[in-house]
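**Q** One letter stands for each residue in the lines below.
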Amino acid sequence: GAGVSQSPRYKVAKRGQDVALRCDPISGHVSLFWYQQALGQGPEFLTYFQNEAQLDKSGLPSDRFFAERPEGSVSTLKIQRTQQEDSAVYLCASSLGMSQPQHFGDGTRLSIL
Amino acid sequence: AQSVTQLDSQVPVFEEAPVELRCNYSSSVSVYLFWYVQYPNQGLQLLLKYLSGSTLVESINGFEAEFNKSQTSFHLRKPSVHISDTAEYFCAVTLISSGSARQLTFGSGTQLTVLP
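Listed in order, the protein sequences are those of chains A and B. Here our numbering is used: the first residue of the first sequence is 1, the next is one more, and so on. Here our numbering is used: the first residue of the second sequence is 1, the next is one more, and so on.
In short, the hints are calculated from the structure, not lab data. One or more of the hints may lead you astray.
[What the hints assert, rightly or not] Now the in silico label distances, taken between C-beta atoms and shown as ranges:
| hint | chain 1 | residue 1 | chain 2 | residue 2 | range |
| --- | --- | --- | --- | --- | --- |
| 1 | A | G97 | B | V29 | 43 to 49 Å |
| 2 | A | E85 | B | S80 | 39 to 45 Å |
| 3 | B | S3 | A | E68 | 28 to 34 Å |
| 4 | B | D8 | A | D18 | 24 to 30 Å |
Built from N, CA and C at the ideal position, the CB exists for glycine as well.
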């Protein structure tokens, strides 16, 4: 594809519900990153995949957050039992390799009511 | 751990005036440096990067940034701004070390507003 695609673009959920956010990286990109961007802030790192391996999940804020990339392409970020503080824009980025520039999707804006 | 400081949260400037967006970083190891631009309801777009070599790097749309190791800065400049430059600008760093995930650490952003 032309760029990183994220879906849905907007998601509204009630507190306590589970949500799943999808990221389609650029074809052939080995590295995939998830970031969380709170209102008025810069993005903050959540987790990193190299192919299907999750090599770093140090940025995940709690065990309610889970990410997977089972076939080394599409990735899903899942948030269980959502809370209001989970409201943010979730950005996905991919790159050809670890030292290559990251290309970002347009993000998913998550609002927890 | 590394950190990035963007002191100016908002910078208003008139069209065709020069602008400088400041970025300072802190890190115990060498870093790569980036500027990203974010338009409303969009993701981040890479504006320019410093990896090695010449400390002055330029983008295709007239922006430039200079890496200053002694001052740990990477300020972004443009000699003459356009209305279309209105956006949020983020400075970011990533560690240079084998085996690291190369995740980006971002500043809190500077909203550049170009006034007619």
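**Q** Compare the structure with the hints numbered earlier in the document and write down the numbers of the violated ones, lowest to highest.
**A** Violated hints: 1, 4; rest satisfied.
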